[in-house]
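Peer 1: Now for the letters of each chain:
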Amino acid sequence: MSPFSLLDHTADIRLKVTGCDLEQLFNDALAGLTVIVSPHPRDSAAKPTVSFSIQASDLESLLVDFLNEALFTLQTRKVAITQVTFDSLNEFSAAGQWVVQPVAGFAADVKAATYHDLKIIRHPDGSFDTTIVFDL
Amino acid sequence: MPEIPHKNILKRLSDYLWEIPATFRADMQVPARIYASQKMLDDLFRDRSLWQLVNLTTLPGIFRYAFVMPDVHEGYGSPIGGVAALREDDGVISPGMCGYDINCGVRLLRSTAHIQDLRDRIPRLMAALYHEVPSGVGTGGRIKLRGRDLDAILEKGVDETVKRGWADSEDRDFCESHGRLPEARAEAVSSHAKERGSDQLGTIGAGNHFVEVQYVDQIFDEDAARAMSLKPGEVTILIHCGSRGLGHQVATDYIRTFNASKHRYSRDLVDRELAYAPFQSNEGQDYFAAMAAAANFAWANRQLITDEVREAWRKVFGNEFGDLKLVYDVAHNIVKRERYDETPLLVHRKGATRALPPGHPDIPLKYQQCGQPVLIPGSMGTASYVLAGMEGAMQEAFGSSCHGAGRTMSRKKAKSLVNGGQLRQELESRGITIAAGSMSGLAEEAPLAYKDVETVVDVVHHAGIARKVARLKPVGVMKG
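If you're matching them up, the sequences are chains A and B in order. The first sequence begins at 1 in this note's numbering and counts up one residue at a time. The second sequence begins at 137 in this note's numbering and counts up one residue at a time.
Extracted from the complex, chain A is given alone in its bound form:
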């Protein structure tokens, strides 16, 4: 089963994500965002990394901030994020590195990850799921 799926929205797009733990949830959400923006990678042997460090007041805010920081990195550095490594991740903070690759452009313009109707559900087995609306 795919760790994420794209759902209909009249004007924008909903991304439904599941993860066996928090790290997987964040990884899968980022993978879903990458599919939405559909980067056109350039050939490059180099694999530079970009560090991130995010603090938030709750888990939903942390996920939104994480995705919006990723968007900022994609759009200002003109790169795709091919891998993420977490140095730390809990309900209130995330820190680590993104491995990036230069791109020629993207197929879709994503303005932001939103809080719209956002709830992260934590299941008894420790897995998570949520649905995020992105403004296109």
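Calculated directly from the structure, the hints in this document are not laboratory data. It is possible that some hints are incorrect.
[Claimed, not checked] Away from chain B, derived, C-beta distances all over 12 Å, residues of chain A: (1) Q24; (2) L30; (3) T85; (4) D87.
[What the hints assert, rightly or not] Ranges of calculated distance between the beta carbons of each label pair, as one might list FRET restraints: (5) B:G557 to A:T82: 26 to 32 Å; (6) A:S51 to B:E306: 35 to 41 Å; (7) A:Q24 to B:E306: 54 to 60 Å; (8) B:D256 to A:S5: 37 to 43 Å.
Quick caveat: nothing in here was measured; it's all calculated off a predicted structure. Note that the Cβ used here is the ideal one computed from N, Cα and C, for glycine as well.
Go by the hints and put chain B onto chain A.
Peer 2: Just chain B now, with coordinates in the frame of chain A:
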């Protein structure tokens, strides 16, 4: 989730206006209103637009009612087509109600060229536009501004473009608010936002943004059309774009701030995307100053695109048809300080156009007799409309009208039903030249994904908000 509106709770106020009473949900402070024809009503319940509308009525300080225009569809936080006015003294300001593309808007240019005299050269014009106007995701513009140069655009908007020779003073006169909100403060805009926007002035990006070449197909109001210098058969150019990444980041930053626990005035919100701060608080004032700066950036962006469009026009036609003149420029996503019933209000428009009536002091002298031009783009390949603001907009709609056709179908579904290449062929067989970077993006904007713009425009016309002046038919569309 709180109760979702259903059809049998609607109260009919007129043939084109319906109301959800404030008793519908316990957290509503005022009623919610819907501009729609009887025939459109069923479609309104297909997505969550009306649940989002009702959520607006819960905002502290809301004045009279919240409402949606007939082009309404589901958004995030506010529905698209939503309008809410909040009292300045004890009300709040909500970045999510303005949206991410701050001052997304349209501007209309007119020429004295008749379509019959240049129809054969439209493909050349579209190629020149595609060359001159940078488009597509991640494509930067020719001008890169940082530091004080960027701050000057943020604080002065179109005035700064006049100073730099990208506009003339007549352009400034025909922009809503003269293309500059005086409350802007560049220091309220984050370094992230400035970095995201630094190479994006003069670019249209992607999505539903476009440059469209059209001609005046039909006149409905001859006096108003004369005032706007719109003549049958003459060529016009419509530009649709906003504040690009800079505006997106301003909204992102302040929605984050307003959601942070130490600032969360809005703990019990139905939807956190509508997080707010009191307008009189430091946070509220900072967001308003940053939003105004992003709005100024958007006006400057449309002005630079205008400069590029004029360059393309000159390259193809030389002096044969003279220069392109600005009819008007309107904002769709914005928060503005306006007064109704002597009450200072923050009018939040999310996918709605200001529509001031004849005699209003905030519109140019040229339009004092006819009212403010209201520009309504249709879906790609159909018609667009020029309307004129009417007194009804002031009396019951906080000087607002609809802003477009309004989507009815998701982008995903549109792409599953429409092949971009085939759509291009179909449009070209109808005499519409397409210059687009992405066939997939073209498919997303297929006409079948939108409401019928004529139905939408008829509602605001009959409701007495804005009357039809002219219809414009496309002959060329340029997209990212």
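Peer 1: Honestly, do Q24 (chain A) and E306 (chain B) meet the 54 to 60 Å range at C-beta?
Peer 2: Holds, since Q24 (chain A) and E306 (chain B) (Cβ atoms, about 58 Å apart) stay within the stated range.
Peer 1: Quick one: are D256 (chain B) and S5 (chain A) within 37 to 43 Å, going by C-beta?
Peer 2: violated (48 Å)
Peer 1: Please settle this one: D87 (chain A) was flagged as non-interface, so is its CB more than 12 Å from every CB on chain B?
Peer 2: holds (22 Å)
Peer 1: Taking the beta carbons of G557 (chain B) and T82 (chain A), is their distance inside 26 to 32 Å?
Peer 2: holds (30 Å)
Peer 1: If we take the beta carbon of L30 (chain A), is the closest beta carbon in chain B still more than 12 Å away?
Peer 2: holds (16 Å)
Peer 1: If I take the minimum Cβ distance from T85 (chain A) to any residue of chain B, is it greater than 12 Å?
Peer 2: Fine: 23 Å to the nearest Cβ keeps T85 (chain A) off the interface.
Peer 1: Would you check whether the claim that Q24 (chain A) is not at the interface survives, using Cβ distances to chain B and the 12 Å cut-off?
Peer 2: At about 24 Å from chain B, Q24 (chain A) clears the 12 Å cut-off, so the statement holds.
Peer 1: Taking the CB of S51 (chain A) and the CB of E306 (chain B), does the distance hold inside 35 to 41 Å?
Peer 2: Roughly 49 Å apart at Cβ, these two residues miss the hinted range, so it is violated.
Comparing the model with each numbered hint stated earlier shows that hints 6 and 8 do not hold.
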